[in-house]
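Undergrad: Below are the chains, spelled out letter by letter.
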Amino acid sequence: MYHALLTRRYLFRRVIPLLAMLSVALCVAMVIIVLSVMGGFLDMVRVSARQLIGDVAVSRPIIGFPYYEEMLSEITALPGVECAAPMIETYGLVKMPDGDVVSKAIFGIDTTSFSAVTTFSDALIWKPLSDDELKDVDDNDYRQPNVAFLDWDADYKRQMLARFHDDALNLGQPDAKEGAVLGVEINPYNQRLQLGQYSVMHQRYWMPVNDITITVIPITERGAVATAESRKLPVFNEFFVGRFDVDSNYVFVPFKVLQSMLKMGPAQVETGEFERDANGDYVRDEFGDPIPILAAGPGRCTKIIIKAAQGQSDDELKEEVEQVCLEVMARHPKEIRNVFVMTWEKQIERYLGAIKKETALVTTLFSIISTVSIFMVLAIFWTIVQQKTRDIGILRAVGASKFGVAWLFVRFGLALGILGAILGCALAYVIVWNINPIHTVVGEITGTYIWDPEVYYFSELPNEVNPTHAALIMCGGVVFAVLGSLIPGMRAAMIDPVTAIRYE
Amino acid sequence: MPSGKPAQSELLISARNVHKTYRLGRILVPVLHGVDLDVKAGEWVAVLGASGSGKSTLLHILGSLDRPDEQDGKRGTVSFHGQDVHQQSAWVQNEYRNGKVGFVFQFYHLLPEMTVAENTALAAMIRLGRFGYQKHHHEIREAANTLLDAFGLGDRLDHRPAELSGGERQRVAIARALMNEPEILLADEPTGNLDSVTGGQILDVVARTHSERGLAIVMVTHDQTVADRADRIVSLESGRIV
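Residue numbers (this note's numbering), protein chains in the order written: chain H, 2 to 505; chain A, 13 to 254.
With a Cα cut of at most 27 Å, we get these calculated DSSO-like pairs of lysine-lysine: (1) 403/H with 147/A; (2) 308/H with 347/H; (3) 403/H with 112/A.
Since the hints were derived computationally from the structure, they do not count as laboratory data.
Generate coordinates for the entire structure from the input sequences, incorporating the hints supplied.
TA: Okay, here's the thing in structure tokens:
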């Protein structure tokens, strides 16, 4: 009983134990915060990657593959497939409204099928908002009816926003207007508002009222480079998915437009014959290969992205899709030479692997650093034992055993560890839940933003705590505190009671 | 609680050939040189000696806080009811200090974090353990309060030692020593830190306890007037009873 009584009194009547408790709390908070941010980062990469690339993809980068429509219809017919969409990926130059030219990833999509597989349509920014949605947007957001924009009145602005949205949703549809949708971080004049929405520093550079010119270089099926193609396109809309590499790098244009610009349209298929000069010799490309004669044939795409049906495993679906691809390839052995079928995880394996390793490394490092709490507790308890030497003598004189004296201090360490761990966990929850505002405020004060979205890909820091991880880390904090109190506890037990009684 | 003074015939505690030497760095300092002492049940013995004569060391050895050294291959003994205390297990020695012996020190030695009532109940807390104490909490608290009341500290139960005078602290220390109804009180200069009036009051408390409870007392002191209150006086000079 005296253990409980003295533990309580020692804990709250002196400053030193509170310092030990604080060290445990800070270590627990530190590891929870690091693991929440890094683990959350990993989860965000997983979720966002999957949302943008589907569950399984058939791809042949740059050159692409023909008969994709045939392959698409057979894949879509698979029972494990919810939907699928063809797309073309390439790199190109984008001339911005202010005259700057930047290199970006250009994607040819058909919004309807692409949105069915991905969350693209939800990511479009410029659209009229319902009254409910308007409550949650920044007062400077152009979508607010009362925010002045150019010389548009509220009704006209609403109509225009509706048009921008519809045009973006119809991107790639037959008879729809040709245009482009850009990641919101591409326009350097865009600025992020406090609540996470976007505005533009100069209204004349607001993308939906501007055009861009994209330039791409077609590459033949044999890898030869053709003449660059440029096309001026109005910007319909901008999107925000929260992954910085996507928001700052992706430009979506209609599938048919990019297919045509890259000479991947239906007219471009090899006949098996090669061009010859007047002497009957082969005309050769820059690599010395004969140039094939092209004839009307099926168009090409570089990728088909597939969304699995509910409950379908990615690996099983991949096998089924591979089977379909083999069958289609068998029917067109000359035209389809090779395609890759990969799950979403495989597609970003190296990237994901690097983040996993980084998460494990950082968490391990911080866990090692947090062992400093053992030594903090040890040092503080050593001092406490020194200060309480006479108390130890008194307890022994009144009949307390050596074990009882040791347990008094170990119990004290346990209590201190539990309270420190609870305090640290609470602190970590408060910080992680508010990590983005804290990051902004610290950045504004110091001028340094630790979480650079250009490095970490996401515009916001992850702000969720995994309760299981938090509980395990709390247990670790308690164990560290007990370990720190063990040696001082044993020392207390070994103190000679006569020496202790006489201790001044 | 026992009352009435028992016949002083039964030998309660007996020290034989007790030697003790302390080491101060490289120097060996002999303190006790073969002390023999018998204390009967209910007897009050004063051990009179100058400072450094080994009085406190003898008291610590009697109370099993310390143990005698070997001399010529033989270790001195302290027997309690005929049983050699220092041959017992650590557990039994703890119980001996907790239940058979009550210590009173010159500097009171109360735990500063505990209240007067809690300090008094400390020995009972140790004896009963957590669950036993919780079960008998009210009885223990009542016994402690009764003791403190008897010593004129009924209105000081929830005070901390720092809020008490020297005399009050020593009375709390005596109450703590009596909590488990020991058979012998080992008092180390209980009035040494008090003025003569307060010291006299403390001796009155000790005398009353001795007479009412029939408690054996070994009190070490350097003060002849204090020693005169005892039934018997033994003198300790240079580590020997003379």
